[in-house]
Amino acid sequence: MKHKNRLVNLAFILLAFMLMSSCSMVNYEKNPVMVLEAYFDALNAKDFEKALDIDLEVTNRSLSLESLKGLDASYSDLRILPYTSPNYEIPKDDRGDIPGICERYVVTGQVDYPSGFGVGPSGEFSFLYTMINQEGKWLIFESGTFTKDSCQRATQMLEKRNSE
Amino acid sequence: MTAEQGGIGTSGWYYVNVNNRAAAWTWAPSLYNFIVNQENPTCFPGKGPKGYRVYGFSSLSPGDLIFYNIVNQPQIQDHVVMVVQWSAYQPLVAGHSPNVDYYPYNAFNYSQTFLIHITGY
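For the record, the sequence lines run as chains A and B. Going by my numbering, the first sequence opens with residue 1, and the numbers climb by one from there. Going by my numbering, the second sequence opens with residue 1001, and the numbers climb by one from there.
Treat each hint with caution, since some may be false.
[As the list claims (entries may be wrong)] To give an idea of the chain B side of the interface with chain A (calculated C-beta under 10 angstroms), a few residues:
(1) 1008
(2) 1010
(3) 1023
(4) 1027
(5) 1049
(6) 1051
(7) 1078
(8) 1094
(9) 1107
(10) 1110
(11) 1113
Read the hints as simulated data drawn from the structure, not as lab findings. By construction, the Cβ of each residue, glycine as well, lies at the ideal position given by its N, Cα and C atoms.
If we strip away everything but chain B, and leave its shape as in the complex, we get (with noise of 0.2 angstroms):
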């Protein structure tokens, strides 16, 4: 399947434009699954980012994922931040929505945090 037939909200790994991308690029559970349920999609297979959910703060480095699951928010993952360096006691993220960059990872309204070590891609 070419990136022209894959259309949106599909599974795998690309972005072609906003008509044309995979679901993993807007949409935090498809990002989740795809990372940690090793998605096999029928678009690209074998690309995308890699990575395991870990359990301490400590395994966490610079480029590593937080999901969150927000307060009053319907999904279980509804937000997701990137690690970009450790302060000297919490990881620091990186995010949109909203725009926040070198900012603790526990300022966000959130009941419970998913944490995903990146391995590769």
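Next up, chain A with everything else stripped away, as it sits in the complex (with noise of 0.2 angstroms):
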């Protein structure tokens, strides 16, 4: 009986050892607002590489880097939503997102630059982020205004890019 016991134990710690390595082997990626508010996270730290590995519109790196830290911008109050939640008037001939590939967000929130202007003033800011999967990985694709067919845009640009 003694015996059986240790090995019914044995059998628990080992089902709860297979559990907690099969959880910890999850392939956990950040959706798309969670990379978003890491993006502003790393540019509220000062951490700038860490910003621009997120984003794959950068295509001068030392040039970026530089107007990141001269613009040193602080960032607060964020809201991150959807392009395609109803807070948002969609123009009907916008071709829209293709959910789970390609899905544009909204950044809104203040920010703060030293110098009291940076790409614009100081204050409220409104931001459109394209974000595509690249890899089970999301990244900013690109910044500024949508156009009728971003993620058309967006994808096509990605798989030219990957084949070069």
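Starting from two chains that each stand alone, build the complex the way the hints lay out.
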């Protein structure tokens, strides 16, 4: 009987260990909102290298680093909402997001530039981001005005980049 | 006033570096005011692009500007692009944020356009 109890205990321990292992093996990826939060966290922490790693738009890394350091912006009161949420009026001929592949987000909040002016004046901001899923990892594809074919352009440009 | 004294976000038309430049380099409303309202800059007076608002697309030539009031965005002029060519029916434009070139002007999600014909510098 004692021997049987020991076996049962061992089985439980093994089961618990297997469950813990399988949990830690789940390939947990951040969703687009979490990626944008991490991006602004990195900017606020002045970890510009980390911020640029999230941003596919960067073509000249040293110049981008210099610009980010120069602007030295601080962001607060962030709200990150999908462009497809009822908050936004989307033109009828907009071809829309491609859920899980390309999604657009609106980030609003307060920005403070030490000089009072960066891309625009300090105060309320509203930035637009097109996010793309690159092999299971969401990244900023581009920032700026949405076009009617933002996601079609994004997927085509990414395919072109990957094939080069 | 010298460029070094200009600082960031001031009026006028100059760019020394990211921390010493006129607002019109990055902020569409400032560029619009600079051109349309013939803003009188304290830095480098007389310098910069000159033009006026027109009301028909047929008045636009390569080098002219189209400002947009973008849907859901807070400014009256949120975005600006430059006309680079005419296709059969419409101007094609180039711009940043997003990066586009020879792109149909009407592919942006806008509610209103402001057309600027550039006359000189």
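**Request:** Compare the structure with the hints numbered earlier in the document and write down the numbers of the violated ones, lowest to highest.
**Result:** The structure conflicts with hints 5, 6, 8 and 11, although it agrees with all the remaining ones.
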